[in-house]
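Chains as they are written, first to last, in our numbering: chain H, 1 to 268; chain X, 269 to 486.
In case anyone wonders, no lab produced these hints; they're calculated from the structure. In this text, a Cβ means the ideal position worked out from N, Cα and C, and glycines have one as well. It cannot be assumed that every hint is accurate.
Claimed, not checked - Estimated spans, in silico, between C-beta atoms of each pair:
#1 K315/X - V252/H: 41 to 49 Å
#2 C332/X - L98/H: 41 to 49 Å
#3 V156/H - F398/X: 24 to 32 Å
#4 A246/H - A377/X: 31 to 39 Å
#5 L98/H - T333/X: 53 to 61 Å
#6 Y340/X - D155/H: 23 to 31 Å
#7 R204/H - A377/X: 25 to 33 Å
#8 Q143/H - M288/X: 45 to 53 Å
#9 P383/X - E194/H: 18 to 26 Å
#10 E194/H - L292/X: 29 to 37 Å
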Amino acid sequence: MTQHTHTALNAASSTNPVLSVVSLSKSFGNLQVLDNISISVERGKTVCLLGPSGSGKSTLLRCINWLECPDSGHVLLDGKHIGVTSGGVVMDAHELALIRTRIGMVFQHFALWPHLTVLQNVMEAPVQVQRRRREQVCEEAEQLLRRVGLFDKKDVFPARLSGGQKQRVGIARAMAMKPTLLLFDEPTSALDPELVGEVLAVMRDLAAEGMTMVVVTHEMDFARDAASQVVFIDRGAVVETGSPDAFFNNPVTDRAQQFLMRFAKSLS
Amino acid sequence: MIHDFSIVWAERNLLISGLMTTVLLSFLAATGSLMLGALLSTALVRKVGVASVAARAFADAMRCTPFLLFAYLIYFGLPSLGVRFDGWWAGAVALTAYHSAYMGEVLRATWVAQPPAPLEAGHAFGFTGFRLFRRIVLPPLIFSSAPVVGNQVIQIVKDSAFLTVIALPELTHAASSIQSRHYVPFAAFIAAVLLYWAICLTIEMGVGVVGRMAESRR
């Protein structure tokens, strides 16, 4: 009986991923950026989207929370449609906003709110949008700042922080929403090389803790040892997908092989 | 000349009452026009739509009308349409409406120069509508535009002097009364000018404080 229930649960979790992207397409004018993309992310997994610059990775990420509107296809969070219903009816702004509070986002250029202190940045959305109690949120925000090692900077404005510190605040800000899913849009691409490590360390920590994450990145080492799954995207389409081990050691497609080769060359 | 100034000193209560009226009027008009201007800027930044066209028409109409004429229109013109204000409220409405067009333009110009990322983060974190504007968009706008807004407030103070023509007992009106009663034009008007300077210096100090707050966020 127990055995049976367990199997049923497993089956349920594998057919009910946290995030499903189904046949998503997007063009800017004549340029087809995303072409019939489907991916799904299981709870607690970290999926890295890899691919050359301009391949459509960031656009895909931005379509997930509808910062860009896909032309066709569906995005589902915990089985519920985002942006448009299954019937194709566009959601109103408030309904969309409600779903967005469950998806944390970390931006390439941090996008912190410059008029608020570090602590206020982290508390802003939970208090103002989620309408949670200020004292409670403050306690959690301070806890998060301790975790990313920035508690001593809590009353400082973002302008006074280094890039790595800003991005760690960005991660704490996203976590403060207690999101179901965390999206990272090239979180270390705007950082000086010596600051990349401190941000990746926080992300590794979250991945290990079982946060569900989708990460667009060029950090191959991070993808290799922190990802549960790698999705290789080129020219707006999913070319190859698999475990990091399989992808990095035995890439199947020519394009993935070339991509990895070029990357290896650029490092040596 | 010393005698002239001692006459003005003897009438200081009239001058102080005029000063108070000017300060109160300017404060109300500055606050009101900043709030209306903020609302107006939300329409002015849009490129299409009825609200955008209407806001643009209002802003242009105000900016191309001499303030004195506009004050006449509110005080003498509107009653023939059945809208009647007393001198005080006619002045307050004229100053507020007129300068909200300028405030709207100032905030619009600052808005389009803001980096888009914090706004996008606002969307991504579930902010919408007025809350998005009030919490995410407006505060950086106020910080960045403080010097220009301060300049506009000074303009409001100076424009309030025109309201003497609708018999509003503000500072210029008070100085004018003193000079016509005692024939001491130089002393009366210089006293008023010095008081206007004092008001403007105070505004400048306020702008300085906001400027330092903005500096720590930059």
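Each hint, compared with the structure:
1. K315/X - V252/H: 41 to 49 Å: holds, 48 Å
2. C332/X - L98/H: 41 to 49 Å: At roughly 45 Å between Cβ atoms, L98/H and C332/X fall inside 41 to 49 Å, so the hint holds.
3. V156/H - F398/X: 24 to 32 Å: holds, 29 Å
4. A246/H - A377/X: 31 to 39 Å: violated, 54 Å
5. L98/H - T333/X: 53 to 61 Å: With Cβ atoms ~45 Å apart, the hint is violated.
6. Y340/X - D155/H: 23 to 31 Å: violated, 52 Å
7. R204/H - A377/X: 25 to 33 Å: violated, 44 Å
8. Q143/H - M288/X: 45 to 53 Å: Taking Cβ atoms as reference, Q143/H and M288/X lie about 52 Å apart, which means the hint holds.
9. P383/X - E194/H: 18 to 26 Å: Cβ of P383/X to Cβ of E194/H: about 25 Å, so the range 18 to 26 Å holds.
10. E194/H - L292/X: 29 to 37 Å: violated, 57 Å
In this structure, the earlier hints numbered 4, 5, 6, 7 and 10 are contradicted, and the remaining ones agree with it.
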